Each structure stands twice: as structure tokens, then as C-alpha cells.
Amino acid sequence: MQQFFQQLSDGLVLGALYALIALGYTMVYGIVQLINFAHGEIFMVGAFGGYTLYHYVLPSSLPSGIALLLVLLVAMLTSALLAAFVERVAYRPLRNAPRLAPLITAIGVSIALQESIRLFYPNGSVGKPFPQLFPRGTVDLGGVTLTYVDLFVISLALVLMLTLRTFVFRSATGRAMRATAQDPDTARLMGVDTDRIIVITFVLGGLLAGAAGVLQGMIASPIDFKIGFIAGLKAFTAAVLGGIGNITGAVLGGFTLGIVEALATQYVPNGSALKDSFAFVVLVLVLVFRPTGLLGESVRSRA
Amino acid sequence: MRSLRLVRYTAPLLIGALALSACGSKKESGAGASSDKVVKIGMIAPLTGSLSALGLGMKNSADLAINQANKNGTVKGWKIQFDPQDDQEDPNTGGAAASKLASDNQVAAVIGTLQSSIALQAAPQLNKQSIVLISPANTNPSLTQGQTYLTTKKRPFASYFRVATTDLIQGAFAADYAASTLKAKKVYLVNDKLVYGQGLCQAFGTEFKKKGGTVVGTDFVTKDQKEFGSLVSKVKAAKPDLVFYGGQFPEGAPFAKQLSDGGVKVPFMGGDGLVDKSFVATLGTPTANSYATNVGAAVEDLPSAATYVSDYKAAGYKDAFSAYGPNTYDAAQVLIAALAKVLPGKTTIDDSVRAEIVQAVQATQLDGATGKVSFDEFGDTTNKVITMYKVESGEFKKKETGTFAG
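Keeping their order, the protein sequence lines are chains A and B.
Once you know that position 72 of the first sequence is 71 in numbering that gives the first Met the number 0, the rest is easy, because the numbers rise by one and skip nothing.
Once you know that position 174 of the second sequence is 173 in numbering that gives the first Met the number 0, the rest is easy, because the numbers rise by one and skip nothing.
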């Protein structure tokens, strides 16, 4: 039983990471009905942004707490700026194009970003050991052992998610976002600058992805140009599982996916080899019985 | 429902397309403008991607040997051109590189591969054309002794050779060290599901059980996996006193680190796939309790390797020669010696010439950088030395050199 709770906690850590990335997918989908397949790469570039700052800019005498804060901020900013840039250059010109066009563009952007890091980052095809800025050690919570890093990952993810929720449901900009998601034309008539709202959505997704990039580096160093692919795939699955377009759903989907993977690792013979299969079996089952995902709303047909 | 349907139909397509993004190719052309006839030595190795540090060390070492041979005119009347191909750590790409080299009628021999799984794709194609494939790094026994190597040994590829010894020796040597020196009784086996990792784990487990140890669990990691939290918890619950890992360092390094961070402080041990400086860099400080075996003796212990090391430095290559550099240099020497024996007087590289090259390689007796090089009836090296290393103060420190006698 103790082992069950141990795996549940490990699943939560992994799930928190998936959820942070999934939020970016789901928000963008909610606003512009685009599966932003470049989002995994935005996460990856964020991690590289943080790494670059630490490796090339920060003096090594800096206390690790401050360094971590700076790395986190720079990673978030890198991802946010990149997301805004990609929206401006790749997606906005296709705003009124058939839906497949931005989708294929997203794949193009994804490949371009991955290859840019591989080719142009110094020695980019080799994994980079991410700076370990958090004290190493474990805590025992009633038989469940978690590292300090694990606790930090869960806490930071929760704080960010709650902040996002407050922003979307309490602020004026958040209200404009929800209005744009419901009906962009009417929102525009009511004086909402929808282009600005769309950029803000991409930026928010980027901020979370950048933070996730640093967290990934902390729990799973080294980082390389390929980490965005798997993380993006898992987060996309989490977003669909939870009901794409739904913010709470993305978080729920992320945690569900993380926990399923952890439990499969433990309780299925040779589980590590099969955990991804189990994650996708759960996705298929949910989609069979709830085609809109766990918390998905019925999807509006848009002109 | 339109948009949701779109998601469902396009997702598999997109995933497939993204997987393709890993592909790409890089060409390099060798020199060779002279009145001499041209013979090519190919190479199949990972020149890009996470294992490229090893692959580039191989490429440079072969390049060094070939340049020296051309300068000295070792193969009379012929100029050797080097034709390295990138396998991108992918068996299909490696197989395609092999068929490309096999269809080139100037290619006399190929050096490679790094990974046993890729050799399994490349060797059959080159063997069909009687082109020698000589590996500095493959250790899976099935490549020379057939799929049924545990019961009956049968050589599958007459033109396949290697200067690295097999995992039957490497795994057993590691098991012996774990049981006798580290006094381990319970081992947890983890591998990466690839040919090399599985074979190494099997060889380790078999010998470890013979020594009276028990295997308390087995599990797997997936290529490119970086997060091992739940696997660490699973291993921890089984309370092993050694974790043995069969696989390469890109997955092995974060796994070792997360085991140590998660409180599994018992020794972590693996094979030659872990021996790279980025394994040590990923572990960070304080270093985990990690061991790895590598094929051959330590370079600093070999007086014969001193010239190679200084020549490599003098040539000014950007990348370090890494774990398989000396072996690759010797593999290239073997090929050059065979070409020097066979080619003078010949006009083209046809099937009979290639068959003669295979025979010449089989009969090799050479003093290489790693010691005496010769091959047994399976194409395996007769040099069966293994060295055990431990990660200490930021580098692999030699612990014990020897071989496994049974």
C-alpha cells in the first residue's frame, strides 16, 4: 500500500509537468482552434534559454537560490517571446486560411525549432547537463519518499496553475479571453482587441512551458533538442484526455496521465516498457466513452 | 463537431510527421585528386545526435589512420578515400547507409557500427557483397556467434569482424566484479530493449546467478526517456544491493542520477555504453556510486597507444577520441593492412578482390594501438581484455583490468 502511495506521488510530479505544458495546448486551442504542435519545442527552447543564462551569463559565485529564480524567469520569458513570435510570423498570416494550413505550419515550426537548436546551438546535438540549483535530498512523508526537487516541482506547478486560473476567471483580460474563445466576432464587436488577446494567450502558454522546461531540467537532466517531442506528445495527450479547450481539464488530464504511467510502471510486469501504451489505452478508452474528453464541453461549430 | 474530428484525424498524421523530423542527412566528401586509383573505406556511425561524441571520435580516428596511410603510400598505386555515413542512432538509417555503401563499387570495406542493433541491419547487406564490416564497438555476441550463441555457435556473416570483445565476456566480467569485489547479492536488471542492452543484461544475470546472487527484478527504459521517477521507486522497493544497466549513456546517465537523488545509494553498474564524459557530467556532484566496464585496457596503460594519442592530438581534431577511438584506429589499421596486401596489381574492386580482402582481414596479425589484433573463427577479436572503471572526482578511474576465464 505504501508503494501505491509512493507511485501516486511520483505520478503527481510527472503529471504536474505534463499539466503545465498541456495548458499551453488547451488555451491556444480554446481561442483559435489550433493544435499548436510547436508547443513542445517552445518548452524545449525555454529550457535551453534557462541553461544558456546559467552557463554563459551568470557568475558562478551567485547564490543558487537567486540563480534558480533568474533561470526560471529567463526560461519563461524565452518561451513566451518565442510563442508570441511564432504566432506573429507563422499563424497570424493564416488566421483566415483553411484549418489544415496552420496545423501543417505548426509542424513546420516544430521541425524548424528542433533543427535550429540541433544545428546552431553550440554543440547542440549533445545533451546538456542542466544546472542543479536546488538542494539534493529526500523527505519522508509517512513512508512516501520525495526529493526536495519533486516537492518544488509540484508546488511551483500548482502556484502557476492557480495564478493562471485567477487571471483567466478574475481579470478583465481573462474575461476578454473567454469572450474571444466563445465567439471572436461578437467579442470584437464589443470592443475586444482579439488579435491582442490571441497574442496574450500564446504568451501565457509560453510562460508556463518555459517554467516546465526548467522543471524538466531539474528532475530529468540533461536537456537536449529532442525533449520537446516526447513532452509535447504527452502534454497533447493530456489536453485531449481532459477535454481540449478546457483549462481545468488540461490539469486533470496531465495528472491522470502521470499517475497512470507511474502505476503501470509499478504494477504491470515490465511496466516501464509498457507505460506509454497504457497511457494511450486510457486515452482511447476515455475518447470512446466521452469523445470530448473528461471535462470537455460540446464543441461549437464555428463559421 | 468539426474541429474535434479534425483533432482526431490529424493527430496520428502529425505524430508521424514529427517523427520524421528526426531524419536528415549530412554529406562529406573526401579528398583524392591524384593519378592513383581510388578505393573507399566507408564508415557507419552516429555523427549527429546524443551519441555523436562517440561517433565523431570514431570518425576522426579512422580519418587519422587513413590520412597516415595515404601520406606514407601504404597501399601502393591506390589512394584511400574515407566515406563516413551518419546512422543517427537509427537502425533503418544505418541500414540505408549500408546499402548505399554496398552499391558503391569503389568501397572495399566499412568501419562501424557503434551500436549492435544497427550492425544487425548493416552486416547482412555488406556481407552479401563480401564487403568487410569491422566494428570497434559492437559487443552483442549474436553478431559473430549467431542468434543461438548460448547453445550452438554459428557465424552468420563471413565478412563481419570486430576488435571489441563480446558481452559474454563483458557481462560475465562485470558480474564477477559485482559478486566478488563489491559483494553484491541482489541485483536489479534494467535495459533499454535494444540488442546490446538486452544481451549485456542477460550475460550479467547468468553469471551473477552462477556466483550465487539473485535477480530481484527486471525492467526497461525507452529510448530518449529522461524521467525515471516511478522506476526509481520501483527499484527502491525491491531493495537490491546493485543496479545493473544495459544500454547507452543518454538514458543511463539520468537514470543513475535519479536513482541516487531518490535515495537508492547502492552501486550502479553498466557496460561500455556508459563510458563517456557526458555520463559523468550528468551525474554532477556528489557523484553517485557508479561503475562501468569498457572493452580493452585503459589507454593510459598501453604503451602501444601513446603514438596514437599524440598523433590524434597533433592532427587537431575538434572532438575527443572518446571511448572507441583507439579501437577504431586499430580497425582502420586492419583494413589498411589488408588493402596493402591485396590491392597492388589489381585494377578494380570486384567480387573476387573483395573476397581476398575478407581473407586478408581474417588472417590479420597486427600490433595495434590497443595491443595485438587478430581474429578467431567467428570474427571476434582474440583480445578479450575488459577494464572496470568507477566514477570518481569527475572522471572514470580504472579499478581492475582483466578478462573473464569462466
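Since the hints were made in silico from the structure, they are not lab data.
Please note that a few of the clues may not be correct.
Claimed, not checked - If the Cβ cut is set under 8 Å, some of the chain B residues that face chain A in the computed set are:
1) S49
2) K192
3) D218
4) F219
5) E226
6) G228
7) K233
8) A237
9) D260
10) G262
11) V390
12) S392
13) G393
Nothing here was measured: the structure is a model prediction, and the numbers come from that model.
All C-beta atoms in this analysis are idealised placements derived from N, C-alpha and C, irrespective of residue type, glycine included.
These are the hints, each one checked on the structure:
1. S49: With a minimum Cβ separation of about 6 Å from chain A (threshold 8 Å), the hint on B:S49 holds.
2. K192: 6 Å, holds
3. D218: This hint holds: B:D218 lies near chain A, its Cβ roughly 5 Å from the closest one there, short of 8 Å.
4. F219: Because about 4 Å separates B:F219 from the closest Cβ in chain A, which is inside the 8 Å limit, the hint holds.
5. E226: 4 Å, holds
6. G228: 4 Å, holds
7. K233: 5 Å, holds
8. A237: 10 Å, violated
9. D260: 5 Å, holds
10. G262: 5 Å, holds
11. V390: 14 Å, violated
12. S392: 16 Å, violated
13. G393: 12 Å, violated
The structure fails hints 8, 11, 12 and 13 (numbered hints given earlier, in ascending order).
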